[in-house]
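Enquirer: Residue-level listing of the chains:
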Amino acid sequence: MEYDVLPYTPANLAKVLAWKVSRQSIKHKTHYKYFLEYFSHTGIGAKTILIEKNYISRAYFSDFSNYYSVCFKDYPRFCRRIHFFNEAFDTSRFQEELFNKGSKILSDSSYLGYIVVKPLPESIIGPTILKTYGNDATKLRCYNSIRKYEVNLFGRSFKIDSMAYQEQDTVVSACASTAIWNAFHKTANMFQTQLPSPSEITKSAGNFYNHSGRIFPNQGLDLSQICKAIESVGLVSELRIEGRIEVTENSRKEIVKSDIPYARRIVYAYNKAGLPILLFIKINDGNGHHLITVNGFAEKEQEFDKTEEMTLRADRIEQFYAHDDQVGPFARITIENTTLLKTAWRDAKGNVLGGSIYAIVIPLYPKIRITFDDVYKKVRILDIILYKLDIFKYELEWDIYLTESNKYKEEILNGKYETSLKRKVIFDILPRYIWIARAIVKKNVVFDLLFDSTDISRGYFCKDFVLFEPSAKPVLKKVFLDHKDIVFDDGYPLNFGQDLYKSIKRSLS
Amino acid sequence: MSFNSLASSTFRPIVFHTGSKNDNANLFILIMSKKVEKKASYINTKVSDVPKSELLEAIRKVQEQDKLIDDKSRFTSQSLSVRAGR
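Sequence lines, in order, name chains A and W.
All letters in the first sequence, in the order written, are residues 1 to 509 by our numbering.
All letters in the second sequence, in the order written, are residues 510 to 595 by our numbering.
Simulated from the structure, these hints should not be mistaken for lab results.
Quick caveat: nothing in here was measured; it's all calculated off a predicted structure.
Some clues are possibly wrong.
[Said to hold, decoys possible] Straight-line distance between alpha carbons at most 27 Å, and here's what the computed BS3-like set of lysine-lysine pairs gives:
#, chain 1, residue 1, chain 2, residue 2
1, W, Lys548, A, Lys473
2, W, Lys547, A, Lys377
3, A, Lys253, W, Lys576
4, A, Lys484, W, Lys581
5, W, Lys581, A, Lys477
6, W, Lys555, A, Lys505
7, W, Lys561, A, Lys388
8, W, Lys576, A, Lys484
9, A, Lys306, W, Lys547
10, W, Lys576, A, Lys272
11, A, Lys442, W, Lys555
12, A, Lys33, A, Lys73
13, A, Lys443, W, Lys547
14, A, Lys505, W, Lys581
15, W, Lys576, A, Lys306
16, A, Lys272, W, Lys581
17, A, Lys478, W, Lys561
18, A, Lys478, W, Lys555
19, A, Lys253, W, Lys581
20, A, Lys477, W, Lys555
21, W, Lys581, A, Lys478
22, W, Lys561, A, Lys473
23, A, Lys424, W, Lys548
24, A, Lys407, W, Lys547
25, W, Lys581, A, Lys442
26, A, Lys257, W, Lys581
27, A, Lys393, W, Lys570
So here's chain W without its partners, still in its complex pose (with noise of 0.2 Å):
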C-alpha cells in the first residue's frame, strides 16, 4: 500500500523517514493529519437567515416569469403553416 492511498477527503498523510539513504531497515513515522480546508474567497461565510415562506414566495415568482416558456411549446396549425422557401 502507497501511503497516497491513505490520503482521504478527511486526512492527508504526513510521512517522516528515520532511517539514512544507505540502511537496509527503514523506519517510517505516519501521522494522519486532519485536513484544514482553505475556504474559497467566493464564498461567504455567514449564510443568510431567510424565512422558508419568503423562499418558497421568491420560487413562486420565478415560476411564473418561466410559464413564458411554456408558451412556445404552445402553437396554433396556422403557426405551422409558415413555410421556409428563400
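The shape of chain A in the complex, shown without the other chains (with noise of 0.2 Å):
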C-alpha cells in the first residue's frame, strides 16, 4: 500500500522516524525529544499519523543531485513523508473519508501539517512544515514569518500557516546554509526571490578561505559568506556585529557581549513586517558559533515608569521563537538578561545552556535602506523633548517598526477612526514598505509618524504625521509648532523638513 495509518504515540512516532536508521538512535536524537513535547496535548496535538511512503522532495532532490548521486553508496532518490492530525481515524475510516468531500478528519482544521524523512544516516529530517502553537492567556505568541503553504495529498489539498523547516545533513549544509534556506522560505514568499536548497546556498556563498575545509562537505559558513549567499538571491543583508576579535602578536581573543535590549528592539522592529532574522549565537559550552532564524517572539503584559529613557513595545518581548535546526521548528529562546540568552540547547545533564548574540543578519529587499537604526535615532530625539516638555502623565511607549503601506492603510480603514482621518491615510501615495514610530500611552495611540523606507539617512526622510488623538492638539503644537526650529529646521538634530512642517502644522489646527 502507498501509505500507512498509525495512532499517534510516542512509540509510533520513533517507529516511523527510525526508516533507515535504528528506532536507539532516534530516541536518542534532540529532535525526538522536541517532537515529543511538540505534538503532545499540551502543544498541537497529535491523534494520527499517516505515512506517504514515497514522496519527491524538491530540496532533497537538489542536495541529492549536488552530492549523493555520485557517491559509490546508492542513496535512494525518495523521500517518506509523516503526515499528523488530530482527529483519531484507522486506515478503513481514511480510506472512506479521502473520497468525502466534505471530511471533517481530513480538513484544514484537522491537519497538523508533516516531517519529511530523508533517506541518510542521522540527519533524517527533512523539509518540515507544522502548525504552531496558539495563544494562551498568559502569552501573546506572534509568529510573523509564517507563510501560507499549500499541501496535497493523494489529491486533498490543506492549507497550513508555517515556515519550512529542516535539520543539516552535515554534508552539502551545516547550521548556516540551513539556517539561511528556513529564511528563504518566507523571503522568496515575500518579494518573489529564488527558493535555493541547502546545497544551493552552500555553493552560493563561495569559499573565502578563512578556513581549512571545502564547500562539501561543509563544516559552516562564516558572516562574509551568510552574507554573500544572502546577496545571491537578489537580496541585501542587514548585519550588525556585537562581537570583536581582538588579535595580539601571541593570542587571538573573542570579546561578545551581547546588547540583548538592541537586540530585541530591531528583531521586533525588522520581524513585525514578517521578515526572518538570523541570529549568530555562541553557546556557552565552549563549541563554537551557530546560527539560528528568529520567525517570532512572546511579549509580556508590561507596565514601564515614566523615565528619561525610551521605552519601546520591544522591551515586552521575553522570548523569541526560532527554528534551530538541531533542536526543532519554533525553539524557544528566553532572553534572561540584557547579556545572556537561554537557549533551545541542553547540556549532557540536561542543563539548559546559555548563549549570547555574536551578530544579527536580516536579509532584506534592497530598496528597503532605511534602517532601524536610522529612525530610532530620529524618534529618540522626539521622546526626549516630548519628556523635558512634559506632555504626557504617564511613560510614553514607542512602536517602531517596518511594514507594508497597504497593511497600514488596511489596519487604519478597519479601525475605529474618524472618516477624515481614514481618507487622508488611504489615499496617501506612500512607497510599498513604510517605517511606522507609534507613540502610545497607556495603550491609546497617541500618533503615528511615518518614514520612507526608500530614502536616505541624511534626507527629510519621515514623510508624515497621522494624529489619532484630537484632544492632543493643544500640547502637541507646544512641541511641534513652537519648537518648530529644533523639530524641523536644517542644522538641528531631527531636521524633519519643511514639507512635514506644513504637513504637522494643517493637521494640528
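Combine both chains into one complex, guided by the hints.
Expert: Here it is as C-alpha cells:
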C-alpha cells in the first residue's frame, strides 16, 4: 500500500522516523524529544500519523543531485512524508473519508502538517511544515514569519500557516546554510526571490578560505559567506556585529558582550514586517558558534515607569521563537538578562545552555534602505523633547516597526477612526515599505510618524504624521510649532524638513 | 447629501425633525455645533516651559549615547571570519 495509518503515540513516532536508522538512535535524537513535546496534548495535539511512503522532496532532490547521486553508495532518491492530524482515525476510516468531499477529519482544521524523512544516516529530518502553538491567557505569541502553504496528499489539499524547517545534513549544509534555507522560505514568498536548496545555498556562499576545509563536505559558513549567500538571491544583508576579535602578537581573543535590549528592538522592528532574522549565537559550552532563524516572539504585559530613558513596545519581548536545526521548529529562546539568552540547547545532564548574540543578519529587499537605527535615532530625540516638556502623565511607549504601506492602510481603514482620518491615510501615496513610529500612552495611540524606507538617511525621510487623539492637539502644538526650529529646520538634530512642518501644522490646526 | 457628511473634525451636526411620521413634507432644523473635545486623561494640561538651550543639551546627551549603536555596524574582517558551524 502507498500509505500507512497509525495512532499517534511516542513509540509510533519513533517507529516512523526510524526508516533508515535504528529506533534507538531516533530516541537519542534531540529532535525526537522536541517533537514529543510539540505533538503532545499541551502542544498541537496530534492523534493520528499517516505515512506517505514515496515522496519527492524538491530540496532533497537538489541536494541528492549535488552530492549523494555521485557517491559510490546507492542513496535512494525518494523520501517518506509523515503527516499528522488532530483527529483519530484508522486505515478503513481514512479510505472512506478520502472520497468524502466535506470530511471533517481530512480538513484544514484537523491537519497539523508534515515531516519529510530523508533516506540518510543520522540527519533524517527533511523539510518540515507544522502548525504553530496557539495563544493562551498568559502569553501573546507572534509568529510573524509564517506563510501559507498548500499541502497535497492523494488529491486532497490542506492549507497550513507555517515556516518550513529542516535539520542540517552535515554534508551539503551545516547550521548556517540550513538557517538561511529556513529564512528564504519566507523571503521568497515576500519578495518573489529564488528559493535555492541547502546545497545550492552553500555553493553560492563561495569559499573565502578563512578556514580550512572545502565547500562540500560543509563545516559551516562565516559571516562574509552568509551575507554573500543572501545577496546571491537578490536580497541584501543588514548586518550588526556584537562580537569583537582582538588579535595580538601572541593571541587571538574573542569578546562577545551581547546587547540584548538592542537585539530585542531590532528583531521586533524587522520581524513585525514578516522578515526572518538570522541570529548568530555563541552557545556557552565552548564549542563554537551557531546560526538560527528567528521567526517570532512572545510578549508579556508590562507597566513601564516614566523615565528619561526611551521605552519601546519591543521591550516587552521575553522570548524569541526560532528554527534551530539542531533542536526543532519554533524553539523557544528565552531572554535571561541584558547580556544572556537561554538557548534551546541542553548539556549532557539536561541543563539548559546559555548563550550570547555575536551578530544579527537581516535578509532584506534592496529598496528598504532606511534602517531601524536611522528611525530610532530620530524618534529618540523626539522622545526626549516630549519628556522634557512633560506632555504625558505616564511613560510614552514607542512602537517602531517596518510594514507594508498597504497593510498599514488596511489597518487604518478597518479601525474605529473618523472618516477624515481614514481618508488622509488611504489616499496618501506611499512606498511599498514604510517605517512606523507609533506613540502610545497607557495603551492609547496618540499619533504615528511615517517614514519612507526607500529614502536616504541624511534626507527628510519622515514622510507623514497621523494624529489619532484630537485632544492632544494643544500640547503637541507646543512641541511641533513652538519648537519648530529644533524639529524641522536644517542644522538641528531632528531635521524633519519644511514639507512635514506644513503637514503637521495642518493636522494640528 | 446625508447629515453625517456634514460632520467635520471641528463641527458636528445636530438635527431636529419637526414633522410627524406620516407627514409628506418634512422639515428639518440643522444646527452645526462646535465639537468640544474631551481631553484624554493621560495628557498633562500644562506643558513645562523648558528653555531651548536645555532641550538642546538633553538632545546632545541622548545623541552621545546613541553613538554606541553605530559601533555595531563597524567591524574588522577578523570579526566577519567567525564561522557558524554547529
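Enquirer: Now tell me, hint by hint, if it's right for this structure.
Expert: Taking the hints in turn, this is what the structure says about them:
no.	hint	in the structure
1	W:Lys548 x A:Lys473	10 Å, holds
2	W:Lys547 x A:Lys377	33 Å, violated
3	A:Lys253 x W:Lys576	25 Å, holds
4	A:Lys484 x W:Lys581	32 Å, violated
5	W:Lys581 x A:Lys477	36 Å, violated
6	W:Lys555 x A:Lys505	20 Å, holds
7	W:Lys561 x A:Lys388	11 Å, holds
8	W:Lys576 x A:Lys484	25 Å, holds
9	A:Lys306 x W:Lys547	24 Å, holds
10	W:Lys576 x A:Lys272	25 Å, holds
11	A:Lys442 x W:Lys555	19 Å, holds
12	A:Lys33 x A:Lys73	30 Å, violated
13	A:Lys443 x W:Lys547	18 Å, holds
14	A:Lys505 x W:Lys581	37 Å, violated
15	W:Lys576 x A:Lys306	24 Å, holds
16	A:Lys272 x W:Lys581	21 Å, holds
17	A:Lys478 x W:Lys561	12 Å, holds
18	A:Lys478 x W:Lys555	10 Å, holds
19	A:Lys253 x W:Lys581	18 Å, holds
20	A:Lys477 x W:Lys555	12 Å, holds
21	W:Lys581 x A:Lys478	36 Å, violated
22	W:Lys561 x A:Lys473	21 Å, holds
23	A:Lys424 x W:Lys548	23 Å, holds
24	A:Lys407 x W:Lys547	30 Å, violated
25	W:Lys581 x A:Lys442	32 Å, violated
26	A:Lys257 x W:Lys581	11 Å, holds
27	A:Lys393 x W:Lys570	23 Å, holds
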